[in-house]
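Given chain V, put chain X in place with the hints provided.
Chains as they are written, first to last, in the working numbering: chain V, 218 to 602; chain X, 218 to 602.
Among the hints, a few may not be true.
If chains are identical, the list can't say which one is meant, so a pair holds when it fits in one copy or spans any two.
[Unchecked claim] Straight-line C-alpha distance at most 25 Å; calculated SDA-like pairs for lysine to any residue:
hint, residue 1, residue 2
1, Lys260, Met487
2, Lys601, Gln320
3, Lys537, Thr378
4, Lys250, Thr447
5, Lys260, Gly455
6, Lys260, Arg469
7, Lys250, Asp448
8, Lys238, Thr342
9, Lys260, Asp475
10, Lys525, Thr406
11, Lys601, Gly319
12, Lys238, Lys250
13, Lys369, Glu408
14, Lys601, Glu531
15, Lys482, Gln320
16, Lys519, Asp529
17, Lys369, Asp418
18, Lys238, Leu291
In case anyone wonders, no lab produced these hints; they're calculated from the structure.
Letter by letter, the chains look like this.
Number of protein chains: 2
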Amino acid sequence: MAERVAVIGVGLTKFGELWTKGIRDLAIEAGAKAMEDANMNSKDIDAMYVGNMSAGRFAGQEHLNALIADQTGLNIPSTRVEGACASGSLAVREGMFSILAGQHDIVLVGGAEKMSDVSTAQATTGLMGAADEEWEGFHGLTFPGLYALMAKKHMHDFGTTREQLAAPAIKNHHNAIMNPIAQFPFEITTEKVINATMVADPLTLLDCSPISDGAAAIILARESVARKYTDTPVFIGGTGLSTDALALHDRRTLTALDAAVRASKRAYEMAGVTAKDIQVAEVHDCFTIAEIMAVEDLGFFKKGEGGKATMDGETQIGGKISVNTSGGLKGAGHPVGATGIKQAAEIVMQLRGDIGKRQVSGAEIGLTHNVGGSGATAVVNIFKR
Amino acid sequence: MAERVAVIGVGLTKFGELWTKGIRDLAIEAGAKAMEDANMNSKDIDAMYVGNMSAGRFAGQEHLNALIADQTGLNIPSTRVEGACASGSLAVREGMFSILAGQHDIVLVGGAEKMSDVSTAQATTGLMGAADEEWEGFHGLTFPGLYALMAKKHMHDFGTTREQLAAPAIKNHHNAIMNPIAQFPFEITTEKVINATMVADPLTLLDCSPISDGAAAIILARESVARKYTDTPVFIGGTGLSTDALALHDRRTLTALDAAVRASKRAYEMAGVTAKDIQVAEVHDCFTIAEIMAVEDLGFFKKGEGGKATMDGETQIGGKISVNTSGGLKGAGHPVGATGIKQAAEIVMQLRGDIGKRQVSGAEIGLTHNVGGSGATAVVNIFKR
Numbered sequence: 218m219a220e221r222v223a224v225i226g227v228g229l230t231k232f233g234e235l236w237t238k239g240i241r242d243l244a245i246e247a248g249a250k251a252m253e254d255a256n257m258n259s260k261d262i263d264a265m266y267v268g269n270m271s272a273g274r275f276a277g278q279e280h281l282n283a284l285i286a287d288q289t290g291l292n293i294p295s296t297r298v299e300g301a302c303a304s305g306s307l308a309v310r311e312g313m314f315s316i317l318a319g320q321h322d323i324v325l326v327g328g329a330e331k332m333s334d335v336s337t338a339q340a341t342t343g344l345m346g347a348a349d350e351e352w353e354g355f356h357g358l359t360f361p362g363l364y365a366l367m368a369k370k371h372m373h374d375f376g377t378t379r380e381q382l383a384a385p386a387i388k389n390h391h392n393a394i395m396n397p398i399a400q401f402p403f404e405i406t407t408e409k410v411i412n413a414t415m416v417a418d419p420l421t422l423l424d425c426s427p428i429s430d431g432a433a434a435i436i437l438a439r440e441s442v443a444r445k446y447t448d449t450p451v452f453i454g455g456t457g458l459s460t461d462a463l464a465l466h467d468r469r470t471l472t473a474l475d476a477a478v479r480a481s482k483r484a485y486e487m488a489g490v491t492a493k494d495i496q497v498a499e500v501h502d503c504f505t506i507a508e509i510m511a512v513e514d515l516g517f518f519k520k521g522e523g524g525k526a527t528m529d530g531e532t533q534i535g536g537k538i539s540v541n542t543s544g545g546l547k548g549a550g551h552p553v554g555a556t557g558i559k560q561a562a563e564i565v566m567q568l569r570g571d572i573g574k575r576q577v578s579g580a581e582i583g584l585t586h587n588v589g590g591s592g593a594t595a596v597v598n599i600f601k602r
Numbered sequence: 218m219a220e221r222v223a224v225i226g227v228g229l230t231k232f233g234e235l236w237t238k239g240i241r242d243l244a245i246e247a248g249a250k251a252m253e254d255a256n257m258n259s260k261d262i263d264a265m266y267v268g269n270m271s272a273g274r275f276a277g278q279e280h281l282n283a284l285i286a287d288q289t290g291l292n293i294p295s296t297r298v299e300g301a302c303a304s305g306s307l308a309v310r311e312g313m314f315s316i317l318a319g320q321h322d323i324v325l326v327g328g329a330e331k332m333s334d335v336s337t338a339q340a341t342t343g344l345m346g347a348a349d350e351e352w353e354g355f356h357g358l359t360f361p362g363l364y365a366l367m368a369k370k371h372m373h374d375f376g377t378t379r380e381q382l383a384a385p386a387i388k389n390h391h392n393a394i395m396n397p398i399a400q401f402p403f404e405i406t407t408e409k410v411i412n413a414t415m416v417a418d419p420l421t422l423l424d425c426s427p428i429s430d431g432a433a434a435i436i437l438a439r440e441s442v443a444r445k446y447t448d449t450p451v452f453i454g455g456t457g458l459s460t461d462a463l464a465l466h467d468r469r470t471l472t473a474l475d476a477a478v479r480a481s482k483r484a485y486e487m488a489g490v491t492a493k494d495i496q497v498a499e500v501h502d503c504f505t506i507a508e509i510m511a512v513e514d515l516g517f518f519k520k521g522e523g524g525k526a527t528m529d530g531e532t533q534i535g536g537k538i539s540v541n542t543s544g545g546l547k548g549a550g551h552p553v554g555a556t557g558i559k560q561a562a563e564i565v566m567q568l569r570g571d572i573g574k575r576q577v578s579g580a581e582i583g584l585t586h587n588v589g590g591s592g593a594t595a596v597v598n599i600f601k602r
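Chain V with its partners taken away, still in its complex shape (with noise of 0.2 Å):
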């Protein structure tokens, strides 16, 4: 039985519109949080892995593994791992995989987006990369027109209302207002999401999450590694990774993102638990339909009731089950490649109990779901105390 591999530390930026930062300022300033949070500095780091989507399109620069890793001032092993906006539970995936290979004892996971110093209309195209370009952006379909489209199938098949498709935005809304990093900390009201600007129908403004930038890291460890720095390590219990068609149309379902199924079947087996089991999760929900379909996906809802659920409090902190408290993608902000990492980050910070107004009380079992594009990549992982 190899070894386990904990994360040891967190460190996030500030998401949102941060004129005054580039890539290479959020990325030092995450891993520094990190670092410190783990009470060790870089000369500890042996191997860092890097989740981004798109800087060679924001920002006209590849070769991110390098950037970064030269501003730790070292020479370390460096890794850009990309699926889309499942980018960095992606690099989650190959720090741990790294340490299990039994090639490194402590690597830096970091994630970067920089979104802002291109127009809307440049973001919104850069982003159609994460589809299929041939078969989908080279028509004009964009991301909000997708997952319209598996909006108004859900609707159609499972009666999901217009209120009920509001109410995750809602409740991230609220989330965030704890979340000192989140981008968009304050209340909107199921009429304020109706009315807000249409952006593809049924989609508001307020059903899609925002362009931000950002950064998060987390620093794993092996286990043996990991006690010298912490007293409150958190476990990657288990992980899943599965993929499906890149293009809608050539998926078995609208309303169901089978590759997300497939990674928590798979994340829940490696780590020994069930849908049941998991107290806090952070869902993708890029638009308010993706969280809805999101915890149906998981088996924390039956098919078609997410909606409901979500509306009756079901997924609030304290509820059946905590669902995006940090605020999600939708409250919290998407820097596309940070958000796996902020997602694992604030799972740790939960299991660690440290997190102060937005913690779900004895929370011990946590579960990261992050998704590429219109669900063709789907990561799950699964953090244990």
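Positioned in the frame of chain V, the structure of chain X alone reads:
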């Protein structure tokens, strides 16, 4: 002691300006050939790793991990890895680590780049994503310009001559004649190199590797599984990855790639060999000066003597050490994300002894040297029979 990881199949497309093929077609072709070579079909594959530098900028398409996995008709875990021009070798490392970590038995590692769908100017700008965009690209530097600076300094410090500088290109074009996938299978002469169109003094067109389309794939398996598919597994004995400052002006020296020196030390140590044991090597000759520095950095020749050694024929097939039997990046082509995997495929075929006319007789230990940008990432992998 963990089980070793073997390469049990290789597949390559033609390299060149392939107007009728997109990145999907190229990836499918290389993957299918590798599976055929390994006597298996896609159902045998547990996971994929994809090396690609910049499909986002060359084709508007990120998220290649899912795009390419979907072509297999399976929903297996798939991860894209990027480190500029070293992306392919990074993918080999991550595939290897995932097996050593006990996560997979058989992994397809593929690399592809489709560069000819954009203009040469766009390709050159895209490639600058591998350098420092803020400190180099923004100010007008190009890759030929960066390597020209290194060439000038090497000539100044060590007396490397213009004729010696041309020698790697002449050898590599010659070797390319024996490689059916090569983009430039024809002889060139010192006179032709020196008198070709100037790109960045002292580098002419014939000192520079081309813009190419192409894909390469190899299949990795843990040792116990490998024997079920082949009697001639080739093992990855060692791997080294190191990084350096992205911008040339921040480096210790212009005449060596310190990242490559460090990566090779780590790889030699892991494999339990020294530079003297290497019989055949594929090195990253994106420009002629790069091969001269590579054979020095890897310890095959003393610093400053790489040009003379190459001109004296010591790196030709059957020389002291056979370098770039494939034709290298210069003669065989350089579809960026595919290059590191093509290098691995070449060494594997050399060690299996089934590579045809360009066979290095009795080759038992080989090496790949794959560089990102102007040297900020370097990966050295060592292969053994």
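### Unmet hints by their number, sorted upward, for this structure
Going through the list in order, the structure violates no hint and respects every one.
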